Structure formats: structure tokens, C-alpha cells
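Respectively, the protein sequence lines represent chains S and G. Final position of the first sequence in the numbering used here is 655; the numbers increase by one with none missing. Final position of the second sequence in the numbering used here is 783; the numbers increase by one with none missing.
Simulated from the structure, these hints should not be mistaken for lab results. Small disclaimer: the values here were computed from a predicted structure and weren't measured. Keep in mind that a hint or two might mislead.
[To be verified] No more than 30 Å apart at the CA atoms, straight line, and that leaves these computed lysine-lysine pairs for BS3-like: (1) K748(G) - K271(S); (2) K321(S) - K748(G); (3) K206(S) - K772(G); (4) K462(S) - K206(S); (5) K748(G) - K326(S); (6) K748(G) - K331(S); (7) K320(S) - K272(S); (8) K326(S) - K183(S); (9) K320(S) - K772(G); (10) K772(G) - K331(S); (11) K183(S) - K748(G); (12) K271(S) - K535(S); (13) K772(G) - K272(S).
[Stated by the list, open to error] Computed far set for chain S versus chain G, every beta-carbon distance over 12 Å: (14) L192; (15) L217; (16) T235; (17) G369; (18) F397; (19) I454; (20) F458; (21) Y537; (22) S607; (23) R610; (24) Q651.
In this text, a Cβ means the ideal position worked out from N, Cα and C, and glycines have one as well.
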Amino acid sequence: MSVLQELVAGLGIPNFKVLIPEIIILITALIVFTIELLTKARFLITVVTALGLFLASIPSLTIEQGDITFYGLYVVDSFSLTFKFFLILSTFFVVIVLRPYLESKKTYYGEYYYLILFALLGMMIMVSSSNLITFYIGLELASITIYILAGMFKKDYLSKEGAFKYLILGGTGTAIISYGIALIYGRTGSFDFATVADSIVQGSLDVGAVAGIVLLIIGLGLKASSVPFHFWTPDAYQGAPTPITAFMAVAAKVATFAVILRVMVEAFPFAYEIWNLGWALLAAASMIFGNFVALKQDNVKRMLAYSSIAHSGYILAALAAPTDVAFTALIFYSLVYIFMGLGGFIFLSALERQHGWSNHIDDFRGLAKRYPMLALFMLIFMFSMLGIPPTVGFFGKLGIFLALIGSDIWWLAVVLVVMSIVSAGYYLRVVIYMYMHEPVSSARFNLSLGEAFTLAFMASVILILGIYPTVFLDMSQLLGNFLIQGVGR
Amino acid sequence: MELTAFWIFSSLAVLSAVGVVFFRNIIYAVLSLISTLIMISGLFFAMGAELIGALQIIIYAVAIVVFYVLVISTVPEFKGKAFEPKFILISLPVGFLIFLELAFVSLYGAWKSNTGIFTPEVISEVSNVKAVSTVLFTKYLFPFEVASLILLVAMIGAIIIGKKEHVIDEEAKS
Numbered sequence: 167m168s169v170l171q172e173l174v175a176g177l178g179i180p181n182f183k184v185l186i187p188e189i190i191i192l193i194t195a196l197i198v199f200t201i202e203l204l205t206k207a208r209f210l211i212t213v214v215t216a217l218g219l220f221l222a223s224i225p226s227l228t229i230e231q232g233d234i235t236f237y238g239l240y241v242v243d244s245f246s247l248t249f250k251f252f253l254i255l256s257t258f259f260v261v262i263v264l265r266p267y268l269e270s271k272k273t274y275y276g277e278y279y280y281l282i283l284f285a286l287l288g289m290m291i292m293v294s295s296s297n298l299i300t301f302y303i304g305l306e307l308a309s310i311t312i313y314i315l316a317g318m319f320k321k322d323y324l325s326k327e328g329a330f331k332y333l334i335l336g337g338t339g340t341a342i343i344s345y346g347i348a349l350i351y352g353r354t355g356s357f358d359f360a361t362v363a364d365s366i367v368q369g370s371l372d373v374g375a376v377a378g379i380v381l382l383i384i385g386l387g388l389k390a391s392s393v394p395f396h397f398w399t400p401d402a403y404q405g406a407p408t409p410i411t412a413f414m415a416v417a418a419k420v421a422t423f424a425v426i427l428r429v430m431v432e433a434f435p436f437a438y439e440i441w442n443l444g445w446a447l448l449a450a451a452s453m454i455f456g457n458f459v460a461l462k463q464d465n466v467k468r469m470l471a472y473s474s475i476a477h478s479g480y481i482l483a484a485l486a487a488p489t490d491v492a493f494t495a496l497i498f499y500s501l502v503y504i505f506m507g508l509g510g511f512i513f514l515s516a517l518e519r520q521h522g523w524s525n526h527i528d529d530f531r532g533l534a535k536r537y538p539m540l541a542l543f544m545l546i547f548m549f550s551m552l553g554i555p556p557t558v559g560f561f562g563k564l565g566i567f568l569a570l571i572g573s574d575i576w577w578l579a580v581v582l583v584v585m586s587i588v589s590a591g592y593y594l595r596v597v598i599y600m601y602m603h604e605p606v607s608s609a610r611f612n613l614s615l616g617e618a619f620t621l622a623f624m625a626s627v628i629l630i631l632g633i634y635p636t637v638f639l640d641m642s643q644l645l646g647n648f649l650i651q652g653v654g655r
Numbered sequence: 610m611e612l613t614a615f616w617i618f619s620s621l622a623v624l625s626a627v628g629v630v631f632f633r634n635i636i637y638a639v640l641s642l643i644s645t646l647i648m649i650s651g652l653f654f655a656m657g658a659e660l661i662g663a664l665q666i667i668i669y670a671v672a673i674v675v676f677y678v679l680v681i682s683t684v685p686e687f688k689g690k691a692f693e694p695k696f697i698l699i700s701l702p703v704g705f706l707i708f709l710e711l712a713f714v715s716l717y718g719a720w721k722s723n724t725g726i727f728t729p730e731v732i733s734e735v736s737n738v739k740a741v742s743t744v745l746f747t748k749y750l751f752p753f754e755v756a757s758l759i760l761l762v763a764m765i766g767a768i769i770i771g772k773k774e775h776v777i778d779e780e781a782k783s
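Taking the hints into account, I'd like the entire structure generated from these sequences.
Pasting the structure below:
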């Protein structure tokens with residue numbers, strides 16, 4: 167009995183204090199579940215969800231950092247807390263625009279709200295994992311919830327088809343990730359990032375380690391919708407209810423980028439040659455394919471889906487260089503992508519409610535003459551995704567470009583620049599249709615308070631950060647350095 | 610004794626696995642899948658891993674495959690396509706690669722295993738169940754609890770996507 171008793175005696179009680187944001191989210195989800203079951207008060211459900219998110223965001227900023235709890239399985243450091251705050255923030259904006267959209271599409275379910283909270287919980291577990299098991303289980307919680315969310319459009323064939331594709335391909339991705347984890351466990355005998363990092367060192371790269379890392383890259387690349395594992399993305403994004411698309415394209419993706427960075431840097435710091443090459447290839451393919459296919463799309467929602475594939479490419483390109491500059495660029499770009507992505511998709515969600523709007527590019531004709539403010543917001547989002555100063559998208563791309571050049575990876579830097587120019591073809595097309603065409607209809611648009619606030623907030627953040635990016639840059643730099651310091655831990 | 614058990618169980622498992630691939634009738638294929646899984650659990654028992662053997666029977670052979678049988682028998686006109694010869698060009702080399710990889714991993718695993726704290730001596734002293742549960746409920750408590758959330762979410766999702774639409778329409782009108 168001695169071994170077991172020693173094992174149990176060595177363990178203390180886990181520190182639950184650092185889990186307060188997660189606990190608040192979970193309790194809110196259960197409360198919303200009960201409210202939804204007993205009453206059907208739609209306004210109350212929205213308010214409770216938003217309130218829970220607000221309450222959870224406060225401790226994610228104030229909590230003491232650098233604590234590892236649950237016997238080394240759950241790490242609460244500044245990296246995870248920052249990403250948690252931004253994930254909660256983006257979920258908050260999705261929640262406040264959700265109800266008008268669902269009601270206008272006659273597809274309201276109260277279940278949306280607590281499923282979103284469960285998905286958020288999964289992402290929060292993902293970003294603070296310091297162990298392959300925690301990472302896997304968080305990824306599963308987030309993905310399974312999002313499969314359901316994507317398929318909840320009532321009586322809509324596209325939604326079911328997209329969710330089905332996402333389920334099958336996402337399930338494949340999960341299977342590949344678990345296989346990779348099994349190989350790494352077999353190679354190193356541990357799931358902990360730190361132990362794995364100690365075991366896989368430069369001289370000892372054998373078939374087991376390499377195969378494990380490659381499988382992990384493939385699985386994570388599938389989750390981040392990078393080419394050639396992107397087949398689910400356009401259909402799932404187009405089919406899902408638009409605020410849910412925003413949630414998938416922004417929150418889920420940013421959490422995936424964060425966890426990719428964390429797994430690669432903390433678990434395989436000395437095998438960087440493999441994952442540098444792997445992510446560089448995936449990033450280049452995503453940039454080229456995503457941008458060229460987006461050029462041909464007439465449906466703006468589908469176009470934004472392809473553009474999000476291209477953005478995966480831009481962000482993942484930073485992983486081609488194992489330097490702190492590159493990690494800083496990745497963190498910075500994924501944080502600012504939250505504002506552009508949410509802005510673009512929530513713009514569509516707000517307009518999709520209006521009479522006769524089908525997301526077709528023709529619907530954008532002359533929008534500037536009818537609603538100059540709305541057109542201006544879309545202009546800002548499009549310019550930011552394209553990367554034109556003074557929007558913050560420019561600094562995002564500039565950071566990645568400088569990081570690539572700093573590590574002498576010229577080919578990828580050239581691909582990035584050329585593909586950004588190609589992307590002007592479809593981003594500017596929307597702007598041209600809005601500003602240089604005559605309006606075809608004169609139907610009135612009504613925006614809800616939440617939608618108007620979200621669009622204005624996203625546009626102004628993009629402009630403010632575009633002029634004054636120092637706050638976010640400093641934060642990203644801190645987090646990037648923090649990750650590198652964490653390697654030897 | 611152990612060797613005889615190994616040969617009997619493994620040859621039956623391979624035989625049933627061949628049956629899974631080559632039976633035309635899908636019910637026969639699923640039944641031989643059950644047989645494969647039971648034989649594999651027999652292998653686990655023969656190796657002294659009684660917990661994994663029991664879990665294999667309970668979860669795979671009973672829960673999952675019986676569920677397959679239920680689905681196949683309730684979905685009307687479930688038509689499985691016979692395999693087309695042109696796919697064999699892709700499937701043979703890919704399958705062979707996967708076979709090589711699996712063979713490597715299992716040999717490698719057999720050579721690398723037994724490096725943790727639960728050596729065969731410890732396992733024979735306590736038991737598989739105690740060893741697994743000790744780790745599961747201490748170090749891996751957190752993922753274990755989150756897994757329950759995953760099951761909850763999956764259940765909610767199955768209910769939402771599966772429930773009849775006209776019920777909600779009436780609710781929305783009232």
C-alpha cells in the first residue's frame with residue numbers, strides 16, 4: 167500500500183481561488199440553464215449571461231498570477247489570464263447581439279446562451295493548460311459545444327450541413343491530436359509540458375517524438391482551419407447563425423492560437439525546427455489559398471470565412487520563427503484580430519436582420535449614401551483586415567513581417583506581403599460597392615442598441631489602437647517574453 | 610498458459626476483424642466487431658490488466674457497439690455501399706503505412722513501457738483498479754470533472770438537435 171499512500175499524502179488541496187473566473191462562468195451557465203427551463207424570459211436570460219461574463223472578467227484581471235493548481239495541471243499565469251479576459255470580452259459582445267438576430271430569424275433557443283458559456287469555459291481551460299490532458303479536455307469541451315451551436319439554425323439545410331462537416335472533420339482532428347498525445351506520452355512518459363520539454367531535446371529527436379509533434383500540428387492546424395485542413399470552415403461559418411460565426415471565427419480561433427503557441431513553446435522548445443517548418447508550410451498554404459478563393463466569393467459571409475482562413479495563415483506565419491519577436495507578433499495579431507473579426511461578422515449579423523438582406527455583395531451597393539455611419543464602420547473593419555494604416559491591422563501584419571525578416575525567413579515574408587496585396591481585391595470590392603455605387607433599395611435599417619454599441623466599440627478600438635498600439639504591443643511583448651522564460655521551468 | 614491464451618484470443622480477434630471488413634451484411638459486420646472487441650478484452654485479461662479488460666467489454670462491446678446495432682436496425686433502409694475497386698489504389702498504400710506505424714508504436718511501447726511509478730511489482734501488490742483510481746481522483750481530478758461537463762453538453766446538444774420542431778413553433782406563438 168505504501169506507494170499509493172505516499173502518492174496521496176503528498177497532495178494538498180487544490181487552490182480554488184485562482185479558478186474564480188471559471189467557477190463564475192460555470193455557475194452562470196447553470197443558472198441560465200435553470201432560468202431557461204423554468205421561465206422563457208428571453209431578456210432575463212441575456213441579462214444574466216452578460217452579467218455573469220462581466221463578473222467573471224473582473225477577477226480575470228485582478229487575480230494573483232503565476233499559480234499552478236490541480237497538481238500541475240492548471241496554470242494561472244499572465245498569459246492565460248490575458249487571453250481569458252479577451253475571450254470573455256468577445257463572448258460578451260456576441261451575447262449582447264445574439265437575441266435580436268435569433269428572433270428575426272425565428273430560430274431562438276435559450277440553449278444558445280449556456281452553450282456559449284460552456285464553450286467559453288472550454289476555451290479558458292485550453293489557454294491555461296500546462297498538461298496535454300487538460301489541453302485536450304478543454305479543446306474537446308469547446309469543440310463539441312461549437313459543433314452543436316453551429317447546427318442550431320432552425321430548418322436551415324446549410325446550417326446542418328456545415329455543422330455535420332465540422333463534426334466529422336473536427337472529430338478527425340481530435341482523433342489525430344489524441345494520437346499525437348499518445349505518441350508523445352509513449353516517448354516521454356509524461357503529459358506535463360515541462361517534463362516533455364526536458365525529454366525531447368535537440369539531440370534526441372527520434373521517430374516517436376517527430377511523429378507525435380507532426381500529428382499534433384496537423385490536428386491543431388485543423389482546429390485553427392489552416393489549409394489543407396480547412397474544408398469545414400467555409401460551410402460551417404456560412405451555415406451557422408452569424409453571431410455564432412463571429413464566436414467561432416474569433417473566440418474559438420484566438421483560443422486555438424493561444425494554445426498552439428503555448429503547446430509549441432512550452433512542450434517542445436527544443437524541437438523548434440520541426441514545428442517552425444510545419445507551421446510555415448501550413449501558414450503559406452492558408453494565406454495563398456484563403457486569399458485567392460476569397461476573391462471569387464459573391465456572398466460576403468463566405469468571403470469573410472475565407473478571409474478568416476487567410477488570417478489564420480498570417481497569424482500562424484509567426485510560428486515559423488522561434489524568437490520572442492515572433493511570439494509577440496502572434497499574440498498581438500491574435501488580440502487585435504478579435505476586434506476586426508467581431509466587427510466584420512457582427513456587422514453582417516446586424517444587417518442580416520434587415521428586410522431583403524442576403525449578404526450578397528450587391529446588397530452593399532450604395533450603403534454609404536443611405537447609412538454613412540454603418541458604411542464607415544465596415545470601411546474601418548475592411549481596412550483593418552487588409553492592413554492599411556491608421557488601423558491596427560497594419561501593425562499586426564507589420565509585426566509578423568518584421569519577425570519573419572528578423573529570422574531571415576524571406577520566402578514567407580514575401581508570401582505574406584504578396585497575399586496581403588491580393589486580399590485588397592476582395593476587401594476593397596466591398597468598400598467600392600458601398601461608396602461608389604448607387605443605392606438599389608431604400609429599405610430602412612433598424613439596429614438594436616447592443617449591435618450599434620458593438621460596432622462603434624470595435625471600430626473605435628481599431629482606430630485608437632491603430633494610432634496608439636503601444637498598450638497592446640507592450641502587453642504582447644511581456645507575454646511573449648514570459649512564455650520564453652517559462653521554458654526552463 | 611498465458612501464451613496459449615494469447616494465441617487463441619489474438620487469432621480469433623484477427624479473424625473477426627477480417628470479418629468486419631468483408632461481411633456484406635452490415636449487421637454481421639457489427640457483430641464480428643463485437644467479437645473482435647471481446648477477444649481484445651480477453652487479451653487484456655490474459656496480460657493481467659483486468660480493469661482495462663472489463664472496461665473494454667463494458668464500454669466498447671456493450672455500450673457502443675450495441676448502440677450501433679440499434680441505430681442500424683432503426684434507421685430504415687440503411688444501405689452500405691460495397692467497396693469500389695478504384696479506392697483500393699489509395700487505401701492499400703495508406704493502410705500499409707498505418708500498419709507499419711502501428712507496428713512500430715506497439716513494439717516501441719512494449720520496449721519503453723514500465724517506466725512510471727506503477728511497476729509490475731506495485732500493481733501486483735495493490736491492484737489495477739486502485740492504481741488507476743488513485744491517479745484519476747488525485748492528479749487527474751480536474752480533467753475528470755471537466756469530462757462530465759462534456760457529456761452534459763453533448764446530451765443537451767443531442768436533445769436540441771433531435772427534438773421535434775413544431776413543439777417550439779407553438780411555444781413561440783403563445
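Here's how the hints hold up against the structure:
Distance restraint check for K748(G) and K271(S): the Cα-Cα separation of roughly 46 Å exceeds the 30 Å cut-off, and the hinted pair is therefore not satisfied. Annotation: proposed proximity of K321(S) to K748(G) is violated, straight-line Cα distance about 45 Å (limit 30 Å). Restraint check: the Cα-Cα separation between K206(S) and K772(G) comes to about 17 Å, which is no more than 30 Å; the hinted pair holds. For a cut-off of 30 Å, the pair hint linking K462(S) to K206(S) is broken: about 43 Å separates their Cα positions.
This hinted pair does not check out: K748(G) and K326(S) have alpha carbons roughly 39 Å apart, beyond 30 Å. Simply put, K748(G) and K331(S) have alpha-carbon atoms about 35 Å apart, too far for the 30 Å limit, and the pair is violated. Restraint check for K320(S) and K272(S): the C-alpha separation of about 8 Å stays at or below 30 Å, so the hint holds. Taken as a hint, the K326(S) and K183(S) pair is broken in the structure, with Cα atoms around 41 Å apart against an allowance of 30 Å.
For a cut-off of 30 Å, the pair hint linking K320(S) to K772(G) stands: about 11 Å separates their Cα positions. The straight-line distance between the Cα atoms of K772(G) and K331(S) is roughly 21 Å, inside the 30 Å bound, and the hint therefore holds. For the suggested pair K183(S) and K748(G), the alpha carbons sit about 18 Å apart, so the restraint of at most 30 Å is met. A threshold of 30 Å between alpha carbons decides the hint, and for K271(S) with K535(S) the separation of about 27 Å falls inside it, so the pair holds.
Straight-line distance between C-alpha atoms of K772(G) and K272(S) comes to about 16 Å, which keeps the hinted pair within the 30 Å bound. The Cβ of L192(S) does not lie farther than 12 Å from every Cβ of chain G; its closest approach is about 8 Å, which violates its non-interface assignment. Under the 12 Å C-beta cut-off, the non-interface status given to L217(S) relative to chain G holds; the minimum distance is some 21 Å. The claim that T235(S) lies off the interface is violated: its Cβ sits roughly 8 Å from the closest Cβ of chain G, which falls inside the 12 Å cut-off.
Distance to chain G confirms G369(S) as a non-interface residue, since its nearest Cβ pair spans about 18 Å, more than 12 Å. Residue placement check: F397(S) keeps its beta carbon more than 12 Å from all beta carbons of chain G (closest about 17 Å). Remark: the non-interface label on I454(S) is consistent with the geometry, its nearest Cβ contact in chain G lying 25 Å away (cut-off 12 Å). At roughly 27 Å from the closest C-beta of chain G, the C-beta of F458(S) stays outside 12 Å, upholding its exclusion from the interface.
For Y537(S), the condition that its CB be more than 12 Å from all CB atoms of chain G holds, with the nearest at approximately 30 Å. With a least beta-carbon separation of about 29 Å from chain G, S607(S) lies farther than 12 Å from that chain, consistent with its non-interface assignment. With 12 Å as the threshold on Cβ separation, the claim that R610(S) sits away from chain G holds: the shortest Cβ distance comes to roughly 25 Å. Listed as a non-interface residue, Q651(S) keeps its Cβ farther than 12 Å from every Cβ of chain G; the least gap is roughly 25 Å.
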